[in-house]
Amino acid sequence: MKCVVLMLIVLLQVDASYQQNILPEHKRRHCNALQTSDIMEHALPEIRRILQTEAEKNRRLLQTEAENNRRLLQTEAENNRLLLQTEAENNRRLHEEHVSTLRGVILLRCDPGWLYNANHCYLFSQSRKTWQEAIEKCQDMNAYLADIQSDEENRFVKMELSRRHEGA
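Throughout the sequence shown, residue numbering follows mature numbering (1 follows the signal peptide of the UniProt record, and there is no 0), covering -19 to -1, 1 to 149 in sequence.
It should be emphasised that the hints constitute simulated quantities derived from the structure, not laboratory data. Hints are all accurate, no fakes.
Beta-carbon label-pair distances, calculated as ranges:
hint : residue 1 : residue 2 : range
1    : Asn71     : Ala99     : 16 to 26 Å
2    : Tyr125    : Leu75     : 23 to 33 Å
3    : Leu64     : His101    : 28 to 38 Å
4    : Glu27     : Glu59     : 43 to 53 Å
5    : Glu117    : Ala69     : 33 to 43 Å
6    : His146    : Leu75     : 35 to 45 Å
7    : Ala69     : Glu133    : 24 to 34 Å
8    : Tyr103    : Leu75     : 21 to 31 Å
9    : Gln113    : Thr67     : 34 to 44 Å
10   : Glu48     : Asn98     : 52 to 62 Å
Computed from a predicted model, the values in this text were never measured in an experiment. Glycine is no exception: its CB is placed at the ideal position from the N, C-alpha and C atoms.
Using the sequences and the hints given, assemble the complete structure.
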């Protein structure tokens, strides 16, 4: 019987030893869980604040970038508009130069009684007419009343009028 009792004591000691090893681990886990819970309880508001701050910074940054992109696009559009306007003006001038050159080549002489000057034919009429009658007469001849646009043209007309006045 002694043998049986001894074995029971050994089993009890092993069982007690096992419980002592388990309880501290359980307590340690429980303590760690509580610490983690406490940390999370205090950390979550700070994490939320940091995330909100970063989100606000990102929102402002994106807003600034969008505004900068809008301004850049406006500047590019204005530059393109000015470039197109300049090109159109240059093309218009080039066209006028070509037309002027062609007039000089094509318009080699004027009809009898007309005078040639600076790529235009002029008819100096001796008959007296009202302004409206003069317009109609020009239209009948597929012409128009002179619109003096330069000093050179003005000198030509004055010279021709004074020459005709002296001859009359």
